[in-house]
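Chain V is already provided as a structure; the job is to place chain D on it using the hints.
Chains as they are written, first to last, in this note's numbering: chain V, 263 to 687; chain D, 263 to 687.
To be clear, the hints were calculated from the coordinates, so they are not data collected in a lab.
All clues stand as given, with none of them false.
Intra- or inter-copy, both count: the list cannot distinguish identical chains.
Derived lysine-lysine pairs resembling DSSO-like cross-links, with alpha carbons at most 30 Å apart:
id, residue 1, residue 2
1, Lys626, Lys598
2, Lys294, Lys666
3, Lys634, Lys666
4, Lys634, Lys294
One letter stands for each residue in the lines below.
Number of protein chains: 2
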Amino acid sequence: MTDLSQMSRDELVRRRDELSAQYDAYRARGLKLDMTRGKPGSDQLDLAKDMAVCLGPSDIKSADGTDIRNYGGLDGLPETKSLFGEILGAKPEQVIVSGNSSLQLMHDTVVRALLHGVPGGEGPWGKESIKFLCPSPGYDRHFAICEHHGIDMIVVALNDDGPDMDAIERLVENDASIKGIWCVPKYSNPTGTTYSEAAVARLAKMKTAAPDFRIFWDNAYVVHDLYDTTDALANILEACESAGNANRPYLFGSTSKVSWAGAGIAAMATSLANAKDLKRHLGIQTIGPDKVNQLRHMRFFKDLAGVKAHMAKHATLIRPKFEAVIEAFDSKLSGKGIASFTRPRGGYFVSLDTLDGCASEVVKRADAAGVKLTAAGATFPYGRDPRDRNIRIAPTLPPLEQVKLAMEVVCCCVELVSIERRLSV
Amino acid sequence: MTDLSQMSRDELVRRRDELSAQYDAYRARGLKLDMTRGKPGSDQLDLAKDMAVCLGPSDIKSADGTDIRNYGGLDGLPETKSLFGEILGAKPEQVIVSGNSSLQLMHDTVVRALLHGVPGGEGPWGKESIKFLCPSPGYDRHFAICEHHGIDMIVVALNDDGPDMDAIERLVENDASIKGIWCVPKYSNPTGTTYSEAAVARLAKMKTAAPDFRIFWDNAYVVHDLYDTTDALANILEACESAGNANRPYLFGSTSKVSWAGAGIAAMATSLANAKDLKRHLGIQTIGPDKVNQLRHMRFFKDLAGVKAHMAKHATLIRPKFEAVIEAFDSKLSGKGIASFTRPRGGYFVSLDTLDGCASEVVKRADAAGVKLTAAGATFPYGRDPRDRNIRIAPTLPPLEQVKLAMEVVCCCVELVSIERRLSV
Numbered sequence: 263m264t265d266l267s268q269m270s271r272d273e274l275v276r277r278r279d280e281l282s283a284q285y286d287a288y289r290a291r292g293l294k295l296d297m298t299r300g301k302p303g304s305d306q307l308d309l310a311k312d313m314a315v316c317l318g319p320s321d322i323k324s325a326d327g328t329d330i331r332n333y334g335g336l337d338g339l340p341e342t343k344s345l346f347g348e349i350l351g352a353k354p355e356q357v358i359v360s361g362n363s364s365l366q367l368m369h370d371t372v373v374r375a376l377l378h379g380v381p382g383g384e385g386p387w388g389k390e391s392i393k394f395l396c397p398s399p400g401y402d403r404h405f406a407i408c409e410h411h412g413i414d415m416i417v418v419a420l421n422d423d424g425p426d427m428d429a430i431e432r433l434v435e436n437d438a439s440i441k442g443i444w445c446v447p448k449y450s451n452p453t454g455t456t457y458s459e460a461a462v463a464r465l466a467k468m469k470t471a472a473p474d475f476r477i478f479w480d481n482a483y484v485v486h487d488l489y490d491t492t493d494a495l496a497n498i499l500e501a502c503e504s505a506g507n508a509n510r511p512y513l514f515g516s517t518s519k520v521s522w523a524g525a526g527i528a529a530m531a532t533s534l535a536n537a538k539d540l541k542r543h544l545g546i547q548t549i550g551p552d553k554v555n556q557l558r559h560m561r562f563f564k565d566l567a568g569v570k571a572h573m574a575k576h577a578t579l580i581r582p583k584f585e586a587v588i589e590a591f592d593s594k595l596s597g598k599g600i601a602s603f604t605r606p607r608g609g610y611f612v613s614l615d616t617l618d619g620c621a622s623e624v625v626k627r628a629d630a631a632g633v634k635l636t637a638a639g640a641t642f643p644y645g646r647d648p649r650d651r652n653i654r655i656a657p658t659l660p661p662l663e664q665v666k667l668a669m670e671v672v673c674c675c676v677e678l679v680s681i682e683r684r685l686s687v
Numbered sequence: 263m264t265d266l267s268q269m270s271r272d273e274l275v276r277r278r279d280e281l282s283a284q285y286d287a288y289r290a291r292g293l294k295l296d297m298t299r300g301k302p303g304s305d306q307l308d309l310a311k312d313m314a315v316c317l318g319p320s321d322i323k324s325a326d327g328t329d330i331r332n333y334g335g336l337d338g339l340p341e342t343k344s345l346f347g348e349i350l351g352a353k354p355e356q357v358i359v360s361g362n363s364s365l366q367l368m369h370d371t372v373v374r375a376l377l378h379g380v381p382g383g384e385g386p387w388g389k390e391s392i393k394f395l396c397p398s399p400g401y402d403r404h405f406a407i408c409e410h411h412g413i414d415m416i417v418v419a420l421n422d423d424g425p426d427m428d429a430i431e432r433l434v435e436n437d438a439s440i441k442g443i444w445c446v447p448k449y450s451n452p453t454g455t456t457y458s459e460a461a462v463a464r465l466a467k468m469k470t471a472a473p474d475f476r477i478f479w480d481n482a483y484v485v486h487d488l489y490d491t492t493d494a495l496a497n498i499l500e501a502c503e504s505a506g507n508a509n510r511p512y513l514f515g516s517t518s519k520v521s522w523a524g525a526g527i528a529a530m531a532t533s534l535a536n537a538k539d540l541k542r543h544l545g546i547q548t549i550g551p552d553k554v555n556q557l558r559h560m561r562f563f564k565d566l567a568g569v570k571a572h573m574a575k576h577a578t579l580i581r582p583k584f585e586a587v588i589e590a591f592d593s594k595l596s597g598k599g600i601a602s603f604t605r606p607r608g609g610y611f612v613s614l615d616t617l618d619g620c621a622s623e624v625v626k627r628a629d630a631a632g633v634k635l636t637a638a639g640a641t642f643p644y645g646r647d648p649r650d651r652n653i654r655i656a657p658t659l660p661p662l663e664q665v666k667l668a669m670e671v672v673c674c675c676v677e678l679v680s681i682e683r684r685l686s687v
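So that you can see chain V by itself, here it is in the shape it has in the complex (with noise of 0.2 Å):
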């Protein structure tokens, strides 16, 4: 390998030329491979296929005697908030356990503090011009929450261990306006980051402005582990607590890529006083979530063990495909100087950045080439990645060989318009 600014401009030239014409034969094939969605494989999804027939015709009694197939049962039934305390680091009151989408919690928790506040604050947020602290690259439908509701992004950087918490320490003790963070705390998405035990407690301890600052802590890959050796993630719910900020942290999880993507349950786990605010607010929203499906995972999963070895045989099908993106990378753009990457245990993701200014271009070049990768820009506020840098992989749902041949493309693209970007100047 040789750095691209060791190169002389006609070695630059000549090495353009050959990845052009691989290129050209790349684009000849005429491919079609998406790397675009984070979805779980359909082999993923029949891990679960039991799901369909586990819960029998007259098994219809949770814990508590309650019939699941009535109304009833707002914050879920006890058996699931067991579960999902045991899996989100709470107790079982501090949860309440929903529908299939644990955005949709995200969303609705922030639509009633706009409309009515949260515990702690001084009225509805909705009231005044307010902002969200937005570590990046991140989670688009985070931001698009933001965005469709008018709340304001601030990007901040995030970190080999977290999120860059000198600049928001000083952020939020500044700015009253600042009520909320985005965190995906493990693996998360895309960089497969997990936040370290430091910045969790300055998370947790950190002085705001607004006494009704909250951290919204989208623990989506909580339990999706690529190896046996996995990272620690710090109690969030625990540091709020004993910091004194006990109401400071919304968290969610869900099991949409534990056993079906559109037909898992999903949770959120927070303090008493706002667990109880969240259930007002609910109670006026619906009767109850779905207590059969909540009963049918149950019955699948049986307790946390049963999830963590489903998750296995998760990570036996997907490690494959990670390691086939991240070789990919080492072998073709290693010792370049034209690209980094992250090296995930965990989550959906793999996370690229190029030179500055050119992820656009190479994900144009690998879409003329069959090869969709998720627009760039997209992991960031707004769809504006300042440095243009940055293009996320998701490597889960196409077969491996497809995954493999995608990367190859990849690669070729990174290295083609890095050159070209090179002889430019």
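Relative to chain V, chain D alone:
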């Protein structure tokens, strides 16, 4: 039967003493009967026992080839959209099929309007002080949505053929802050009223000062007939379209009281412009509904004929309970000038009107004798029945014998309280 007003003071005193003795005897029995909940009985839920197993482990594709287990399908499966189109009287493309709760669809539609407004409007409803019309007696959870979100409620009478259209037309024509009306147009909760064709036409045509006035058409009991000859309801979508007010109605329905109360599927139907607007919001809130439960319902019911055949089974179970209520009222209350009541041909409730000022006391007495009734006033906005006379009877949940016994107690209480009232003046 003698009308109370024809009875002498002595006769009244004698009858009161008889009833007091009866009442004390009921009290002594330590009854525990609950007539408050508009919930199906477990025998009704059992009708859908096969739901648990009707969707096999390999039955994973919808009509358009979608893997129902994965993410996506924001507005529902094509086949469920078609089915709800038939149920609600809409084209499939006007339908959005969602999770388990039509109440949530209504609530979220109101919330979206508060935060963002609706097509044809002048911005978010929440920016000004707005009002909803509430035909009453009506459904307490509709009123709770308004109260929770600070929407003022105006009571209009619900007559035998629908809401008081003269009053409604006058109100909406002159007050631009009136943005909506709650309607349960068929077998209304709690009176069992079905809106006449004329009422539907007037709702569709009436001139509203608000350009973005909306009808919240909660067709909760659209297929919930108790008898073979059913109440006919005009198509509000078509009526509004013909009248040039296509965007006026939002229709809601669900299978909550068809399959399983807590684990059914809910849907709404509206104009294409409204549907497009709703999907724009919905796509921020969620990735998609539980499509597995949607396909499960399709496998179980197959089509509208299947739904209707299933509803006939429900009717067989609950019709005797309704008839027991009516029979008790007929034999114990009729002709005494102390009560009037409805004879619903569908839905979930019987509505009882006592003499003015007696409902709260009747509910209190019944409760003391071990018969829980829906709180007096619950069927009116803010829980305030201006004449304190309406009591909602929910006969479906308790076994028939309990319904009969509870009605004996209720009738005793109504007559007793009526006589006491008369004696006290």
